[in-house]
Amino acid sequence: GQNIDQPTEMTATEGAIVQINCTYQTSGFNGLFWYQQHAGEAPTFLSYNVLDGLEEKGRFSSFLSRSKGYSYLLLKELQMKDSASYLCAVRARSGYSTLTFGKGTMLLVSP
Amino acid sequence: DSGVTQTPKHLITATGQRVTLRCSPRSGDLSVYWYQQSLDQGLQFLIQYYNGEERAKGNILERFSAQQFPDLHSELNLSSLELGDSALYFCASSGGTGDEQYFGPGTRLTVT
Chain A
1 GQNIDQPTEM
11 TATEGAIVQI
21 NCTYQTSGFN
31 GLFWYQQHAG
41 EAPTFLSYNV
51 LDGLEEKGRF
61 SSFLSRSKGY
71 SYLLLKELQM
81 KDSASYLCAV
91 RARSGYSTLT
101 FGKGTMLLVS
111 P
Chain B
112 DSGVTQTPKH
122 LITATGQRVT
132 LRCSPRSGDL
142 SVYWYQQSLD
152 QGLQFLIQYY
162 NGEERAKGNI
172 LERFSAQQFP
182 DLHSELNLSS
192 LELGDSALYF
202 CASSGGTGDE
212 QYFGPGTRLT
222 VT
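Heads up: the protein sequence lines correspond to chains A and B, in order.
First residue of the first sequence? That's 1 in the working numbering, and the numbers climb one at a time after it.
First residue of the second sequence? That's 112 in the working numbering, and the numbers climb one at a time after it.
No incorrect hints appear here.
Just some of the chain B residues that point at chain A, by a computed CB distance under 7 Å:
(1) ALA167
(2) PHE214
(3) PRO216
Below, simulated DSS-like cross-link-like pairs (lysine-lysine); rule was C-alpha separation at most 30 Å, straight line:
(4) LYS168/B with LYS103/A
(5) LYS120/B with LYS103/A
(6) LYS103/A with LYS68/A
(7) LYS68/A with LYS168/B
Keep in mind that the hints were calculated from the coordinates and are not lab data.
Predicted model only: the values in this text are computed from it and were never measured.
For each residue, glycine too, the CB sits at the ideal point set by N, CA and C.
Generate coordinates for the entire structure from the input sequences, incorporating the hints supplied.
Spelled out as C-alpha cells, the structure:
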C-alpha cells in the first residue's frame, strides 16, 4: 500500500523561507511530485524528483532522499500569493503515471 | 491555463441521478486521469486511460465508469448519485506514462 504524510497546516511571514516536509511509504518508487493548489482551483505542477538530491526552480526547490522515504519543498522569499495547499505525490511504478497524493499542507503567508 | 478543459464547471443534481463529466486533454497527450477531491479525503485517483484503453484503476466505485474516445477526450459517468459523491472532480493529462500530469479546472458536483 501507499502512505504519504504531510503536515496539515503551516504559517509563515512574507519574505521568509518555509520548508514543507513529506514522508512516504510505498510499494515501489518511481518519482515524487509537488503540486500547488489554490482553494477551488486545479493543482499545478511545481517539481519532480526521482534521484536523491536537490532540484532548484526559481524560488522553489525540492529535495529527495529515497533511502529515508523523505522529501521537502522549500519556498524562498515568500509572497502572499504563495498561500495555498501544497500536495506531495508519489509515483510507485515505472511505466505508469499513477500518482498517490498526500492530503496536502495548507500554507498561510501573512504580511 | 494547463490546456486541459473540463465541462461543465458546476453541476447540481439530485440523489439517484446520473451525470456525465467531460474532459479534453492537452493537445498531443495520450493519457487521461480522473480524480475526486473532497474536503476530508484529499485528491483520490479514480481511473487512467491511455490512448483509448483503461490503464489503471484506483478507488473508483462500481457506480462510476469512464471511457476515452478515439479523439482522446474522456467522459466520467457517475450514476445512482449519493450525497457523499459531492466533490470536485478533476481530469488530468500527460504525454505518456512517465510524465507529469496537468490538471483541468475541475467540475464541482453537488448532489442534493
